[in-house]
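Asks: Here the protein sequences line up with chains S and U, keeping their order. Residue numbers for the first sequence follow the numbering used here, so the first one is 1 and each next one is one higher. Residue numbers for the second sequence follow the numbering used here, so the first one is 298 and each next one is one higher.
These are calculated hints, taken from the structure and not from any lab test. Every residue, glycine too, gets a C-beta built ideally from N, C-alpha and C. Where hints are given, some of them may not hold.
[Claimed, not checked] With the C-beta cut set under 8 Å, the calculated list includes, among others, these residues of chain S facing chain U:
| # | residue |
| --- | --- |
| 1 | Ser-90 |
| 2 | Thr-96 |
| 3 | Ser-101 |
| 4 | Ala-110 |
| 5 | Phe-112 |
| 6 | Ile-114 |
| 7 | Ala-146 |
| 8 | Ala-157 |
| 9 | Trp-158 |
| 10 | Thr-258 |
[Unchecked claim] Just the calculated beta-carbon pair ranges, DEER-fashion:
| # | chain 1 | residue 1 | chain 2 | residue 2 | range |
| --- | --- | --- | --- | --- | --- |
| 11 | S | Pro-189 | U | Gly-543 | 38 to 48 Å |
| 12 | S | Asp-222 | U | Val-370 | 30 to 40 Å |
| 13 | S | Lys-132 | U | Ser-358 | 28 to 38 Å |
| 14 | U | Ser-392 | S | Ser-80 | 17 to 27 Å |
| 15 | S | Pro-135 | U | Cys-377 | 49 to 59 Å |
[Stated by the list, open to error] List of simulated lysine to aspartate or glutamate pairs, DMTMM-like, C-alpha gap at most 25 Å:
| # | chain 1 | residue 1 | chain 2 | residue 2 |
| --- | --- | --- | --- | --- |
| 16 | U | Lys-421 | S | Glu-67 |
| 17 | S | Lys-256 | U | Asp-457 |
| 18 | U | Lys-496 | U | Asp-457 |
| 19 | S | Lys-274 | U | Glu-571 |
| 20 | S | Lys-214 | U | Asp-457 |
| 21 | S | Lys-202 | S | Asp-212 |
| 22 | S | Lys-132 | S | Glu-67 |
| 23 | S | Lys-153 | U | Asp-574 |
| 24 | U | Lys-453 | S | Asp-136 |
| 25 | U | Lys-545 | S | Glu-179 |
| 26 | S | Lys-194 | S | Asp-136 |
| 27 | S | Lys-274 | U | Asp-457 |
| 28 | U | Lys-572 | S | Asp-212 |
| 29 | S | Lys-256 | U | Asp-574 |
| 30 | S | Lys-153 | S | Asp-136 |
| 31 | U | Lys-453 | U | Glu-432 |
| 32 | U | Lys-579 | S | Asp-147 |
| 33 | U | Lys-579 | S | Asp-224 |
| 34 | U | Lys-453 | S | Glu-154 |
| 35 | U | Lys-572 | S | Glu-67 |
| 36 | S | Lys-153 | U | Glu-442 |
| 37 | S | Lys-153 | S | Glu-195 |
| 38 | S | Lys-204 | S | Asp-224 |
| 39 | S | Lys-153 | U | Glu-571 |
| 40 | U | Lys-572 | S | Glu-154 |
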Amino acid sequence: MNNVTSICFKPFIVPSQILCPKTSFRKFPLTIPRSSLQDSQPPNSTNQQQLNLSVLRFTLGIPGLNESYLPRWIGYGFGSLLLLNHFLGSDSATVTSAQLSTEVLGLSLASFSIALPYLGKFLKGAQPVDEKIIPDGTEQIFVMSADVVNGLKEDLAWASYVLLRNTNAIAILIFIQGEICARGYWNIPDDTSKEILPGWFKKKIENASLYDLKDTLYFPQDADSEFQDLVPVGTRCLLIQPLSQVSNDSATGLQKPTGFILLASTTRYAFSNKDRAWIAAAANKFRGNSSSKVEDL
Amino acid sequence: MEFYRNALECSEAVKSFSDQACAIAGYELRLTSSNSKLWLLIGGKLSADSYVANGGCKVRSFPITQGTLSLIVYLLDRQCALIAVVSFNFHCFCSSQSRADLLTLGLAVTNILTGLVWLSIRPKSISVVNPQGVECKRLCTTLPEVARSELLWAWKSLSDATCCRSLVIVYDSSCILQIGFAAESSSEDGQAASVDTNKLTQGSVYQGVMKSGAQSYLANLSLYPGKSELPFLPSNTQAVILQPLGDKGIAIIGGDTIRGFTASDQAWITYIGEKMDSTLAKYVTHHPLTSQD
């Protein structure tokens, strides 16, 4: 048995069922902000009147500019102006206590404004993630081990395609029963032929010691240092979903790990709870026999 | 090294102790291993994204309370010190104090406006409606094991990841899967109503979906007159997705929440539909289907 070589402390999010109903999101050109009271119910109804605040949402109309980061820029700008005003705008002898208290208040507000877009990202109904960022130096590949049986080949091709299309992942690596399927943008060495790539990936997996993973590993902010060699450069978020197979000995119902699905993304917090639920569902495809009693039609 | 080896050996005792300690602090601790590596996973409700996603209203009102409190503090401070509140006139840029005042007021207003924008994008909370009907699990007998396991995998994925509670698959003019909740049969007590495929395939809902070849999402089923063509679904099914499987079949997915299927769910259902179509096309043409009774 190998010696334990490291202990790793990383954040892991407890999965929970969250329903995300659709919301409509309308944009208006820059207007003077105002709110209007709208009677959505008859006057004798006991429901509260809803403020129509959607007029406060605006866009400057510049493509590529993300308005949700506006509080952050205002925070930086006004905060730096406050500091400039304190050091350059007045002599230190003439600074009044009132000014100091205002500046303290202003700086705390500025730091709060800077943090706001970070919190706003996680709210339900917030803007969806932008386009995927492809890191430099990567190449788009699609390789599969030669020894895969035909039925499994089709499943692997479908699963890798769907996971890349429907999630924020830019690269996927499926390792099942000793065979690999890699798709997406990977840092492969120049001039390598397709035949040796499966072996190349297997060596990396061996170095990372991921053979009998039992639990899902999710690194939302930073890929762990153990995996720097394995994942594409520029990966910010990593999810490794284990694949298990129901053993033929149904009496014990044990599940033995047979591989994993590795998804890498260049954005932080790339996989929401819903994404992780679907990734787990896709992983179940490779589970093997699902024996359950059914009535016959 | 010594510590790590002991941690492996007495992992149960360590685990239960650390579980209790972390439960108090609001974190969850898990030990998992892979080959030679021992992973200690710490997570829980205090991590940023789950706290904010579950915090809802409290988080949304943060900026407003922060901005309003700051304004109140500023005014009170000026009142107590008997200094005039900054006024917007020509001289307001002359003294450094009034410049600082203006900047602070600008920041407070930014916070309040951001908070109002966050409130405006709050999704309406919609409750789950439990389907009224009986559970059933019916699958065509003549399908090979590969196709059967794929259909059952599709049902498990849908019921785990979405608000789906009923699934009916009709392929080549016969019903090959009816699983989850179904309306109760009028003739037999306690049994699920069976799918009348002739009536379904002649109905306008089916014809419309097959003609367009695209997924159809009925987000609020009670508003659609076509509801009468789906009598086998529980009567209080809230949302339905009709996914064509190639040009020979259809998957009818019933959910328990109005607008309960997200755009991500719809995309996944489209791809699962394509996969099922390619599997069923291989096997259904070679095996005759049994008729229902």
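Asks: So, against the hints stated earlier in the document, which numbers end up violated here?
Replies: The structure breaks hints 6, 7, 8, 10, 18, 24, 25, 28, 29, 30, 33 and 35; every other hint is satisfied.
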